[in-house]
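Participant: Chains as they are written, first to last, in my numbering: chain A, 43 to 300; chain B, 43 to 300.
Treat the hints with care, as some may be off.
Any copy, or any two copies together, can satisfy a pair, since identical chains are not distinguished.
[Claimed, not checked] Derived DSSO-like pairs (lysine-lysine); straight-line CA-CA distance at most 30 Å: (1) Lys292 <-> Lys143; (2) Lys110 <-> Lys283; (3) Lys110 <-> Lys299; (4) Lys163 <-> Lys267; (5) Lys272 <-> Lys292; (6) Lys110 <-> Lys163.
I should point out that these hints are in silico values taken from the structure, not numbers from a laboratory. Small disclaimer: the values here were computed from a predicted structure and weren't measured.
There are 2 protein chains.
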Amino acid sequence: MKSIIMVGAGNLATQLGLALAEVGFPIVQVFSRTKESAQDLANKLNSDAITDINSLRNDADVYIFSVKDSVLCQLIPNVCRGKKDKLFLHTAGSMPLDCFKGFANRYGVFYPMQTFSKSRKVNFKEIPIFIEGSANDTVQEIRDIASSISDYVISLSTNDRQYLHLAAVWACNFVNYCYSVAADILENKDIPFNVIIPLINETTQKVHDINPKDAQTGPAVRWDKNIIEKQMNLMSSFPSKQAIYGMISKDIHEQNKQ
Amino acid sequence: MKSIIMVGAGNLATQLGLALAEVGFPIVQVFSRTKESAQDLANKLNSDAITDINSLRNDADVYIFSVKDSVLCQLIPNVCRGKKDKLFLHTAGSMPLDCFKGFANRYGVFYPMQTFSKSRKVNFKEIPIFIEGSANDTVQEIRDIASSISDYVISLSTNDRQYLHLAAVWACNFVNYCYSVAADILENKDIPFNVIIPLINETTQKVHDINPKDAQTGPAVRWDKNIIEKQMNLMSSFPSKQAIYGMISKDIHEQNKQ
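Chain A on its own, in the form it takes in the complex (with noise of 0.2 Å):
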């Protein structure tokens, strides 16, 4: 097996790594900023945390960057340096494969679209990975590590990957938001915000099977004017989440007279 060093410790390094760590790679290093980080995803894969970009073996297969898309420019020279023939993959949405160009000479993407928390394992083998490479064995390469963790591998260029980037965006960190916001609202009634997970299961479960426009409902889609605008009254403390609201009942109201 390929050995592997992690670049990064966060969200997705750590559950990628519980992955490929569960299928046999060795997982050599752990390199973050944060010592306490580092520590904590090396303890996980039993493997060796630093904290100094200097310290970074050269003798490993693949190094995998998952860190924060504006330090990934800057560390992809400092990490490439001196390991001419090693694989080297970030894990980004939106950034290029192109990132490597002139850093490195085999190197790809390899971008599972989930959202990770650190503390919830998740079942890697549903989870979609979108990869690219800087060459057609390189590819192969990459698609054969992503294969042994997931069931769906998917080649992606980075122009097409933005988009699908973006998608998520939306389809997980802004519905969140919107989870955030009822969340507040109930918790200033003390209604425990359990009441409201059957509706919440029911709204994802529909685009399973309907199409988002037509599972559309509520207020907004039927154009009640009287609700809308009582509702905006009762977010007159919250002007940015009453801004949002007139924006996105409008935005719906307008889709659905298309």
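Assemble the complex: chain A is given as a structure, and chain B must be docked to it using the hints.
Facilitator: Quick look at chain B alone, frame taken from chain A:
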């Protein structure tokens, strides 16, 4: 069993009517202004369809209004007239108990918090029903009806119910809107919607156990400005969605700073 008349034949009326009929309530009439809707639901409930409010029988025990909120206030005086001792219920999240005042003696609210589609059968047992009544004995009568179809019957005041409904709009209608934006983005790139289903499922599953604020991931909570700008640019042909993207991202960031 009490005999029931459904005033309205939309998504909620359909699923509620089915649930009530299933446990044995005779649904003796279905009223809708649209002949087809009235007939469709009447067929499902083995009931009579009417489109003229003057044809309403006055010998039923319970009259349940499931109509667009803006229509409810117009219908109440006409439906309640000459039916002094009958029980009148509406199913609207944001309409007050008092909209019956002066038109009926025994009345209440029967709000099942769920997203309903005509064609999609739901398990009413799991749906919380929020009730309110004009007097204590009326509340008990409403509770008995509600408990026959759901395991979660909760008394809630008009004031609190409007906040509950607001939370439901965020957790369901706006979540579904986010799904529809994601679906459009994927469709434009010929990526099948089902690749995003595992992400959608996990996002929902997470808030069963974790507070939504703690579950937040993505560029906005990391305040990855490069990515946020890049994604804003990808949406430049859709100015309303671009604006909503910007406002939600900013709000996620602000929340995270608190």
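Participant: If a hint holds in the structure, say so; if it does not, say that too.
Facilitator: Hint check results:
In this homomeric assembly, Lys292 and Lys143 never come within 30 Å of each other (Cα to Cα): the closest approach is 44 Å inside a single copy and 33 Å across copies. Within a single copy, Lys110 and Lys283 get their C-alpha atoms as close as 27 Å, and across copies as close as 25 Å, so both meet the 30 Å cut-off. When the C-alpha separation of Lys110 and Lys299 is checked against a cutoff of 30 Å, the pair qualifies only between copies, where the shortest distance is 18 Å, while the shortest distance within a copy is 40 Å. Taking the shortest alpha-carbon separations for Lys163 and Lys267, only the inter-copy value of 28 Å comes in at or below 30 Å, while the best intra-copy value is 44 Å.
For the identical chains of this complex, Lys272 and Lys292 are neighbours both inside a copy (15 Å) and across copies (25 Å), given an alpha-carbon limit of 30 Å. For the identical chains of this complex, Lys110 and Lys163 are intra-copy neighbours only, at 21 Å inside a copy versus 43 Å across copies, given an alpha-carbon limit of 30 Å.
When each numbered hint is compared with the structure, a violation occurs for hint 1 only.
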